[in-house]
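Q: Chain order of the listed sequences is G and S. Heads up: the first sequence runs through residues 1 to 488, numbered per UniProt numbering. Heads up: the second sequence runs through residues 1 to 488, numbered per UniProt numbering.
No lab work stands behind these hints, which were simulated from the structure alone. A virtual CB, placed ideally from N, CA and C, is assigned to each residue, including glycine. One or more hints might be untrue.
[Unchecked claim] Listed next, with one range per pair, are the computed distances between beta-carbon atoms:
1. G:Glu180 - S:Gly232: 39 to 45 Å
2. S:Pro102 - G:Asp249: 51 to 57 Å
3. G:Gln258 - S:Gly232: 21 to 27 Å
4. S:Pro184 - G:Thr485: 24 to 30 Å
5. S:Ala155 - G:Ser119: 22 to 28 Å
6. G:Glu293 - S:Asp161: 38 to 44 Å
2 protein chains.
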Amino acid sequence: MPEAARIHPNRMKLYEKLADEITEAVRRGVFAAGERVASVRQASQQHGVSIKTVLHAYALLESRGIVESRPQSGYFVRDAAARALAPAPAAARAGRKSAPPPVPATVDVSRLVLSTLRSIRAHDAVPFGSPYPDPSLFPWRRINQYANAIARRHASWNLIDDLPPGNPELIRQIARRYAENGLPVDPGEIVITLGATEAINLSLQAVAKPGDTVAVESPTYYAMLHAIERLGMRAIEVATHPVDGIDIDALAKAIARQKIAACMVMPNFQNPLGFCMSDERKRQLVELLAAHEIPAIENDVYQELYFGDTRPSTLKTFDTQGLVLHCASFSKSLTASYRIGWALPGRYRAQVEKLKFLNTLTTPSVPQIAVADYLRQDGYDRHLRHLRRVYRQQASIMSALVLRFFPVGTRVSTPRGGYVLWVELPVAIDSMRLYQAALERGITVGPGMMFSTRNDFRHFIRLNYSYPWTAQAEAALKTLGELATAMA
Amino acid sequence: MPEAARIHPNRMKLYEKLADEITEAVRRGVFAAGERVASVRQASQQHGVSIKTVLHAYALLESRGIVESRPQSGYFVRDAAARALAPAPAAARAGRKSAPPPVPATVDVSRLVLSTLRSIRAHDAVPFGSPYPDPSLFPWRRINQYANAIARRHASWNLIDDLPPGNPELIRQIARRYAENGLPVDPGEIVITLGATEAINLSLQAVAKPGDTVAVESPTYYAMLHAIERLGMRAIEVATHPVDGIDIDALAKAIARQKIAACMVMPNFQNPLGFCMSDERKRQLVELLAAHEIPAIENDVYQELYFGDTRPSTLKTFDTQGLVLHCASFSKSLTASYRIGWALPGRYRAQVEKLKFLNTLTTPSVPQIAVADYLRQDGYDRHLRHLRRVYRQQASIMSALVLRFFPVGTRVSTPRGGYVLWVELPVAIDSMRLYQAALERGITVGPGMMFSTRNDFRHFIRLNYSYPWTAQAEAALKTLGELATAMA
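Kindly generate the complete structure, drawing on both the sequences and the hints.
A: Right, here's the structure in full:
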């Protein structure tokens, strides 16, 4: 691959790639603090790149504070870098369980979210504030080739063939994938939707009505709040632990106190906290809700983006009552612009299918079949392995550098999957002010208030680490840190 | 064009095309009753087709009862055919104004509609019951070529570029088209949606809330009823005249009697009645609603399918208060499977745009840009002229043959545009029984009950005439007529 200037992550400059690999090696303890890394010549041979590329990479690593050069001796891992890149001490990680007041609230966060998204679109900077994964990591050309081939095979297309529940082959492929991951599902339960957004909307509409109260995590992913807002329901935020997930005792208390029509959660790689609930806690949650006949809407859009060895279980895994409405999509792992999602609505299947028909009539078939063809014929697993590796690596780089650049007292989440980092700033910092100041410098962040109905999390920001870790990204993060420090 | 066996209307067999042209000429009085049509040799020269094709065409016309051959003399227009094809007498056309009771009702028609659509999909017969136009008349390949070219120009696609209100170039093209048709609109008002279905849903949700009462035509297009059903509202059906449209006095009375939150109408080529409201009546309707501050949701999906010389006006044309929410799509005129619709929501624009974001996040960009490219570069007007000619011709053929095949007392609508015929059978006939009996013979019809909240219109059916008028279609219509006759 020529070393031409490149922008996208899967086309990073070679020296950036090399620098990232060495960073990752330091993080993993391959090179310990004070240890010498490979010489320029060795690295050139090991990685099959030019001397110039290695020199570039080492210069970048120096600027990142990961290695230092000692004259006549070579490059050595800095003590501070090894500490920063190693799993952070408890104080700088995790943080406390949230403590929202036990009062349902009406929801109106979409204005803030939409204006944030617009500002991201309007700016050309590194989009730390984006909720979407870097699309350049997705196999856009392959999927489009399938779509084009399908379209060409037909002289015309009858809308009537697109009626819910969706294309049978895609449904089969989705069911196969769950089965391969040890989570058998009934293909007959699947309803194809326009992204997980529609799946979540329809699921909520199937189980609750305007004015009802819905329990959510705190902080909660605003897509959940949007669904509640859209239907004129009320949200009650439930204390949520940054590692363990929703507090089941707190939820039990909320249920005892008032009628809860549904519970919306994201047990795997929650956005923004990044936790993955344990099997035991998932089971407890399902059992608590089942005991009160409360449907659970499970947003599992990051299901393929795990950093561990296997795909985690879902609430669905532990559901014996058909009370879990499981929602997912390909938007975070394969193609966002095709808008293919699905619901596994349990006992509410008929209602969800009918609502799908009423809401948008059909999900276009060609994109459905293109995804099915890709799943059947192409290297989805290989693609996902690459995606997970990149995200995992970029998560650790960003975590380390946030702790380095941001003011004392800043804490970061430890994402177990996905592509967002939750950053707790010193309480004095108003993240809306930080958002504005950053925007003026062409940098976006996700203000914490988007994740609450009650303007909570004012000193939190969400950062997206799916984009390539370039010098520009690093400079932007440094600027952010300086802005935050000035506000602290 | 070779005379190979062809199925689709724009690929009708040549002899079928010729037969249709002669039928149309008879309908228009070019050939009067008893008059001799062109000789086989003349017709062969005039139409540039083989002798064999003309013989085929004349045989088909004979079987249709339009011409008769007289030995040694040639082919003559049958008296009965000329009568049947000429504009029907008032008794067999038009029909009376509907007279629904003035009571709002909850809505639950989607089950019947969905099961009808499924039965159409499951059968291979001529789909008289389909609500969708024959897709083979659409420029599927051209649109797909544009889509493929757009996809290839990009290495990836960022979802963030697809945020509402939609692709700016498509919005510009839509506004240009309205302007060319003498209906200037503000591009800044347009919100792109997933088909008119979503536009109607969002418009209704923007102006009314669950439990509210919405005024609709009687019969009304069930897409309107679906929107009402989806949001848990109630419908009040208003008397509607088969030629003049919704009865404005009856609507005024309904408004005087109860709180009406919105009025949903289809002033142009209403489905199923096919009328086109006059400018004067449109103005009166807009003024009545404005006087009571009642928003009007205008479904104008058939706007391009007029049989007259020009595109008719819309309610929007007469709206000075921003109270008209105008909804339309490309699904009936260009491509159904791309699911591109839009709303012009007047003073409710901000709400509709927000609801779009909450409902489905985005409308995929590539289909939007493909349609915009087609509109800008390709022969949309030529395509539409062809479509209108085919529909107009097939409307008159089907009307004539329904009157010929169906029992005495059957009346048909006189569609002024669109592609559906509304057929009133003798009152003794239950169209659900006819629907079932036809289904057993692989023929579908649209049962009248789909167009009412109260199981009205039991002796009505809707027939789709967009599909090619083949011998098979004709035989199917004849069978339908026989089934109806047996039930009368």
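Q: Now tell me if each hint is right for this structure.
A: Going through the hints against the structure:
Distance hint check for Glu180 (chain G) and Gly232 (chain S): the Cβ-Cβ separation is about 40 Å, which falls inside the suggested range of 39 to 45 Å. Roughly 55 Å separates the CB atoms of Pro102 (chain S) and Asp249 (chain G), a value that falls within the hinted 51 to 57 Å. For the hinted restraint 21 to 27 Å between Gln258 (chain G) and Gly232 (chain S), the CB-CB distance of approximately 22 Å keeps it satisfied. A C-beta distance of roughly 54 Å is found between Pro184 (chain S) and Thr485 (chain G), which places it outside the suggested range of 24 to 30 Å.
A hinted range of 22 to 28 Å for the beta carbons of Ala155 (chain S) and Ser119 (chain G) is consistent with their spacing of about 24 Å. Look at Glu293 (chain G) against Asp161 (chain S): about 43 Å separates their beta carbons, and that is inside 38 to 44 Å.
When each numbered hint is compared with the structure, a violation occurs for hint 4 only.
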